[in-house]
Amino acid sequence: MTDERVGRLIEEATKLRWNRRQILKRAAVLGLTAPALGAVLAACGGDDDEEATDATDPTSTTAAPGGSTEAAGGQATPAETEDDEASPTTGSGTTPSGSGGIINMNTTSGDSGIGNPILTSALGWIEYYVFNRLMIYDDTGTLQPELAEEWTYSDDNLELTITLREAMWHDGEAFTADDVIFTFDTIQDENTDTTQRSKLQIGGEFVTWEKVDERTILVTTPEPFAPFLFGLQDLEIIPEHLLAQSADINTDPFNQAPIGTGPYKLGEWQSDQFMRFEPFEDYWGGRPANDGFTVFFHADTEVGSAALDSGDIDLMFAPPELQPRYEDNPDVTLYNYVYFTPITLAFNFNHPILQDQTVREAIRMAIDKVSLTETVTKGRGIVANNQYADTGPLDRYNDYDGVPAPEFNVEQANSMLDEAGYTMGDDNIRVSPDGDPLSFNIITYSGFEEYVNDQVILQEMLAEIGIELTPQVVDYSTLESMWADPNDDPANRALELEEYPHPYEFDPDVYNELHSDNLPPTGQNYMWVTDDEIDRLIDVGRTTTDPDERVEVYKELDRRRNEIVTVVPLYNAVDGWVVSSRLQGVADTPYFRRYVLYGLKDCWKEA
Amino acid sequence: MTAYVIRRLLWMIPILLGVSIICFGLLLRAPGDPVSAIVASSRTSGSTLTQQDRDTLREQYGLNNPVYVQYFDWVSLVARGNFGDSTRSNQPVWDVIKSRLPNTVKLAGVSLILTLAIALPLGIISAVRQYSKLDYFLTFFNFVGISIPQFWLGLMLVYIFAVELGWFPSTGMQGAYIADGAWPLVKDRFLHYVLPVTSITLVGIAGYTRFQRASMLEVIRQDYVRTARAKGLSERVVIFKHAWRNALIPIITLMGYVFVILVEGSVVVENIFSWPGMGQLAVISLNQRDYPVIMAIVLLSALLILIGTLVSDIVYAIVDPRIRYD
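So the protein sequences, as listed, match chains A and B. Going by this note's numbering, the first residue of the first sequence is number 1, and it counts up by one from there. Going by this note's numbering, the first residue of the second sequence is number 1, and it counts up by one from there.
These aren't lab readings, by the way, just hints derived from the structure by calculation. Be aware that a few hints might be false.
Said to hold, decoys possible - Simulated coverage check for chain A against chain B, where a stretch passes if three residues somewhere in it have a Cβ under 8 Å from a Cβ of chain B:
1. 145-152
2. 169-180
3. 466-479
4. 530-539
5. 568-576
Said to hold, decoys possible - Derived EDC-like pairs: lysine to aspartate or glutamate, alpha-carbon spacing no greater than 20 Å straight-line:
6. A/Lys378 / A/Asp575
7. A/Lys265 / A/Asp111
8. B/Lys98 / A/Asp575
9. A/Lys265 / A/Asp282
10. B/Lys98 / A/Glu513
11. B/Lys106 / B/Asp95
From the three backbone atoms N, C-alpha and C, an ideal C-beta is built for every residue, glycine too.
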């Protein structure tokens, strides 16, 4: 069946000269797995997107201004375009001219007013563009050096030696090892309002750190801990020379006028209106290709959409429901990517009926994922069978060979339930051997129309095997408080439609939500999954620091999760960013979500 | 009168306490808390908060204390003139409100002045020329204005004048890049005000015109207006000196609520146009479960409504000598 679809897709793609994105979309509709998709891309030579090649090719006719990036070196592009002059928002007055232009974008996450990246609710744009981390995952999921030039583990994997690069703070002071030590000490300080402490902890205890010399830091961990680098790369470094004397770092004026080592300086911050970033000429990575960017605070994506249409902004995040509007618009490009973890149907393992693996297997067999994905995502989603999103940053930890797509077979699902003693009642609802009806509520959180549609479709599909579902939608805060409620009744959330377990964006560790050490109310394994083999694999995965060995451990975890049906992965939601064709140098990356935070400095605006 | 005013002022204390107890109780009964809002945002940004992180935050915000302890902590702070710190921004609540309040006062103030300047004359004309073509036209316009939801009107204005015609910016109250000098600054501010002000004013005109027309119609049928005409006064004097002054009394009483409008702003318009005012703050704070800010906004609203009602009653007594509170 799969071969037939692959063959058909190769034929269509070759005939119609599709690019990579078109192939991906079509593959999603057909429900192809990543290996099958890889075969199609290889057969069609579709790995390179023609449009993207043009845009990123340093030899193309328009080169990046600024002169510092690899792609740079060509003629400058004036910042002031006709559109800029026509746009009252972008104005024209003090806009720097003769170079890479000002990129305008928006955020709908609101203005918390906090620009100190280690504090709770700090603004993401400031974190990524004004500050640096020691290292950072790029848009391909590869760890890249930032303030750390290199890092090496000792043979026993207990000591991490970090060599720092020479860099400068925006106020001209030199960056040193003291800044790193100060940052870690401040995070450890219990008076600091931060949610970053756990990133310097293993098993709830802090690791230790010391300055070896001006350019070297030594971090010692009590045990080998692979996800530690993920935590470390999520910590921005703050300046010791500006904050060491602060009476209270939580309310220091620095928090509204941050100074970092990142590619941009914060130029102007009008509370709840916009933040203006200016290029840092002395950035260790070279001056950004553009003349800065502005982030406008918008109430929602509809407001942002109007701003994009009127030319006030150049790019914005586009949730699935907004994407059709921009698909055939010649003025913009829609960059799609999968959310890093699939949408799942999760079982509450505390529920007496759902503890029975036969019931979970029957439910999985009765779900037509291809039809569900096609209907709900209107052809945009990619069918999911594995633990992490196909084509996402954790893709390599999926075992595509060991976890085949489950068979969709309603008849067999019914037989399985019959054999296990779940008899069909007169009302077409099965009854367990104990006399309890197979009637469950399926809960999800509000804000996504897609999830509500999922519930209804699953309700219809499972009715075919005599299982009654009652959809319920609550806001996320409600759901979160239900998870932590020690008196939580499993009947109140027998099935959950959400992304469970939720890994880190770039690290496959699921200890917090899947290990039996973390059962509620003290932990976050809120679906009460308890399986010795899963626990073992998670433990091994956390202590294996060799990247290749680690991949194998998580592939085994993928197989085990599939075997005992911890969840039914349904599909991978496809998010997107809409980018004006005025922006140049935009790479067609598989993971635009991170590119916006990491790679925008290399883009510029067309004259 | 003085005794009456003092009595009313004293009554405000138990009323405000009652409002705060109800609001505090409802907020804490509502699902979620500031920490769950932070968890949600952290999850979608690719990180997660461990249980230890959550417990520390809840302790820090005092969320683990019994409800009555949390309430008394809050009341004791407020009694000392301190509304606490926003859980969203760590900044003192009063600073958060101070940064927003002027924006709302400007938007609501300009809109209100325009609304009254246009609606009152139209209401008078409509009443004086009752059943004329102009009256029918204005009545039609007013019904349309009253019927159109403000969010729809706002979105249409954005679509037509910002997206299609490109005359005005779609959002915000100022541009990020403005040339030096007074004129570019004035132009920038003016352009940003046009659409949100129009959106509030059009709906306001519809309501106030109907109200002015009705009160004017009632007055011009009174005997003293007939008497004024009978003694040969010009129509202008009859309308503006005798009729309108009395027809304004109900309008003046409405002005008591102007305080509330000026301070609380328009939730709908401020959100559509990303106007950084009090209305937008209220929505964001509710979504983020920022209890200290929500409580401050509710208390401020209640106080303004109480003061507004009192001022209305006092002004009513001043402009209508028949009314006595003693």
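Here is what the structure says about each hint:
1. 145-152: It is violated, with 0 qualifying residues against the three required.
2. 169-180: The restraint on the region 169-180 of chain A is violated, since only 0 of its residues have a Cβ under 8 Å from chain B and three are required.
3. 466-479: holds (count 5)
4. 530-539: Three-residue rule not met by the region 530-539 of chain A, so violated; n is 0.
5. 568-576: violated (count 0)
6. A/Lys378 / A/Asp575: 13 Å, holds
7. A/Lys265 / A/Asp111: Answer holds: lysine 265 of chain A to aspartate 111 of chain A is near 18 Å, not above 20 Å.
8. B/Lys98 / A/Asp575: Not OK: lysine 98 of chain B and aspartate 575 of chain A at ~37 Å, beyond 20 Å, violated.
9. A/Lys265 / A/Asp282: 11 Å, holds
10. B/Lys98 / A/Glu513: Answer violated: lysine 98 of chain B to glutamate 513 of chain A is near 42 Å, above 20 Å.
11. B/Lys106 / B/Asp95: Distance of about 18 Å is within 20 Å: holds.
Consistency note: the structure conflicts with the earlier hints numbered 1, 2, 4, 5, 8, 10.
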